[in-house]
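**Student:** Those protein sequence lines, which keep their order, are chains A and B. My numbering puts the first sequence at residues 2 to 381. My numbering puts the second sequence at residues 31 to 226.
Hints should not be assumed to be uniformly reliable.
What the hints assert, rightly or not - Some, not all, of what chain B presents toward chain A, calculated at C-beta under 7 angstroms: (1) A80; (2) S88; (3) Y114; (4) E150; (5) F152; (6) T190.
Stated by the list, open to error - No farther apart than 27 angstroms at their CA atoms in a straight line, the calculated lysine-lysine pairs in the DSS-like style are these: (7) B:K199 / B:K151; (8) B:K146 / B:K199; (9) A:K329 / A:K348; (10) B:K188 / B:K199; (11) A:K303 / A:K329; (12) B:K109 / B:K99; (13) A:K303 / B:K119; (14) B:K207 / B:K176; (15) B:K138 / B:K119; (16) B:K199 / A:K375; (17) B:K151 / B:K188; (18) B:K176 / A:K306; (19) B:K99 / A:K303; (20) A:K331 / A:K356; (21) A:K331 / A:K375; (22) B:K192 / B:K151; (23) B:K188 / A:K48; (24) A:K375 / B:K99.
None of these hints come from the bench; they were simulated from the model. Here a beta-carbon is modelled for each residue, glycine too, at the ideal position from N, C-alpha and C.
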Amino acid sequence: MKKRRPREFLMQGNEAVVEGALVAGCRFFAGYPITPATEIAEIMSVKLPQVDGTFIQMEDEIASMGAIIGASLAGTKSMTATSGPGFSLVQENLGFACMAEVPCVVGDVMRLGPSTGIPTYPSQGDVMQARWGTHGDHPAIVLAPSTVRECFDLSVKAFNLSEKYRTPVILLFDEVVGHMREKITLPRPEEVEVIDRIRPTVPPEWYIPYEDTTQGVSPMAIFGDGYRFHVTGLAHDIRGFPTLRSDEIGPFMDRIHRKITLGFPEIQMGEFFQLEDADIAIIAYGSVARSARRAVIDAREKGVKVGLLRLITLWPFMRTAVERVIQKAKMLIVPEMNMGQISREVKRVNEGKAKVNTINRVDGLTITPQQILKRIREVS
Amino acid sequence: MGERYEVRLGGSGGQGIILSGIILAEALGLYGGKFVVQTQSYGPEARGGASRADVVVSDEEIDYPKAIKLDLLLAMNQKSCDEYYRDLKEDGILVVDSTFVTQVPTSKAIQIPFTKIAREKFHREIVANIISLGAITELTNIISHKFMEAAVLARVPKGTEKLNRDALKAGVITARKVKESMRNEDIQPQEFQRED
Chain A
2 MKKRRPREFL
12 MQGNEAVVEG
22 ALVAGCRFFA
32 GYPITPATEI
42 AEIMSVKLPQ
52 VDGTFIQMED
62 EIASMGAIIG
72 ASLAGTKSMT
82 ATSGPGFSLV
92 QENLGFACMA
102 EVPCVVGDVM
112 RLGPSTGIPT
122 YPSQGDVMQA
132 RWGTHGDHPA
142 IVLAPSTVRE
152 CFDLSVKAFN
162 LSEKYRTPVI
172 LLFDEVVGHM
182 REKITLPRPE
192 EVEVIDRIRP
202 TVPPEWYIPY
212 EDTTQGVSPM
222 AIFGDGYRFH
232 VTGLAHDIRG
242 FPTLRSDEIG
252 PFMDRIHRKI
262 TLGFPEIQMG
272 EFFQLEDADI
282 AIIAYGSVAR
292 SARRAVIDAR
302 EKGVKVGLLR
312 LITLWPFMRT
322 AVERVIQKAK
332 MLIVPEMNMG
342 QISREVKRVN
352 EGKAKVNTIN
362 RVDGLTITPQ
372 QILKRIREVS
Chain B
31 MGERYEVRLG
41 GSGGQGIILS
51 GIILAEALGL
61 YGGKFVVQTQ
71 SYGPEARGGA
81 SRADVVVSDE
91 EIDYPKAIKL
101 DLLLAMNQKS
111 CDEYYRDLKE
121 DGILVVDSTF
131 VTQVPTSKAI
141 QIPFTKIARE
151 KFHREIVANI
161 ISLGAITELT
171 NIISHKFMEA
181 AVLARVPKGT
191 EKLNRDALKA
201 GVITARKVKE
211 SMRNEDIQPQ
221 EFQRED
C-alpha cells in the first residue's frame, strides 16, 4: 500500500491561505463568516488557539477591520477575510490602515455581486474596489492567486509585503480558487522566508514615528513597549499628530506612495507563458488564467501563436509587463468574470498600440477554455 | 490514464455529494499519486437545491479545474441526470441512483438503488454516497479498492469505520452484480472491464 507523503495534502484554497498566514506569523484573526470566505474564519478559529493566537468573531466587518488594526499596532500580525458585502464594509478602516501605515492582510474571496448577489458563485467583480474602494488617494497592494499552492505562497507574501511596507495588503481571489481543492505539497515552515516589520533602535525619547527614511518606511514601535506615539486617520506630521500645514501633508502623502513605488520590482509579480513569439496575448488572473493557459496550449497545437501574461499582482498594475507584451503581440484578449475591470487598465497602458478584445462573464459561471479558444479563432 | 479523466457527482444538497468528491480526490491524489483538482457548485441552502462536485484527475499538472467532457457521471437525483447527461462523453459511464432516477437517458446507464440499499441494509440513508463510491471503484479502473478504502476511512468520523467500510463493500458487490447482469444481456460496453 502506497504511503501518503508527509507534507502532501488535498487542500482548499481558503485552507491554504490560513496555512500560509500561520507560517508567516499571523496570530490574530477577527472576522465575520460569509460565503465563500467562511472556511478561512472557521479554520483560523481552530488553529489560532493551538499556536497561542487569538480568534474573535466580530459583530460585523467594520469592527473586524478595526480589530485587526488594533492588534497589529500592538505588535501582532493580523488578518481578516470576507467576501463582497463584507469587503464593502472594511473599506473605511482599510483607508485608516493606509493612512496610519498599519500592516495587515485582508482576504476577499470574490462572489457574484453587486449586493448579496449569489454567495456560492464566482466572480472577479471586486478588482476595482480593491484598488479604489476606500476614499482618497492611497497606495494599494493586491495579490491574486490562481492555484491552491499559490494561495499559500501569496498569503505568506501578503504578510511579508505588509510588514515591509507598513501597508494593508489585499488577497483577492474568486470563489473557484477559494473553494477548489488541489493536491499540493507544502514547504516546511523553516523553508519559508518571513519578514517582520522594522522596529525602532533608538531610545524611546528619540523616536519619531513617521520620520522619512530612504525607503520611505518608518520603523514601527509596538504599542505598550514604552515608545509613545499617536495614531490617527487625520493627515499627520512626523510625530503622528494632526497637521494643517501643506509642507507637512504633501511630503507625507508623497512618502506613503513613494514607499510602494520603490518596491515595484519586488511587489509586481507575473507569469509569462509562451509569450516570446506570441502574436496574440491573453492577459488573465485568478481561476480564469487557468482556462486561458489551457486555451493557449490547445491553440498552439493548432499552430496559432498565442501566449499568456498571468497577473499575480493586480495592483499596483503591471504597466511594464503589459508594455513588454505589446511590443510583439498586436492582439490582446482580456477574459474576466466581470464587465471589464482589468481590461480598462490594459487599454490605458496600451494607448491604442494593440487591439484589445474582452471576454466578460457575469452569469455565475467560469470562463471556459473553449470560450477563450473561440475568441482566439475569431481574431487570428 | 489519458491527459484528463473527468468525473462529476451530482445530486441535491445533503446527499454528501461534495464529501464524495473530496474522498474520491484524496483516493486518487494522495493515495494514487495522481494530480487532482476537485471543484464544487452548490446553492445557498444547507439541504435541498442542486449540488455538484467535479473531480479532474491527470498524470500531468491540471490547468482548467472544472470538468469539460465527462468520463463518468454519477447522478444521485433525476435533475442532475437530466442536466449533466449532455456533458458526458459518448463512451462515458453513467451511474444513477435508481431510488430517485426513474428515467434514464440511455440503456447503457448503470442503475443502482444506492439510497434504498443504505436505507434497507444499513438503516442509515447517510451512507448512500459511500456505497456509490464503492460502485465507482468497481465500475472504473481509475482507482484501486485499497486506496479508496483508505481514503474513506481517513475522512469519516471516528466510530463509523465499520459502517462505512461495509457500505463501500456493498457498493462494490452490487456494482459487480449489475455489471455481470449487463454482460449477460450482452450490452456490456468495453470500458466496464477492469484491468486488474
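**Student:** Would you list, in rising numerical order, the hints stated earlier that this structure does not obey?
**Tutor:** 1, 2, 3, 4, 5, 6, 16 and 18
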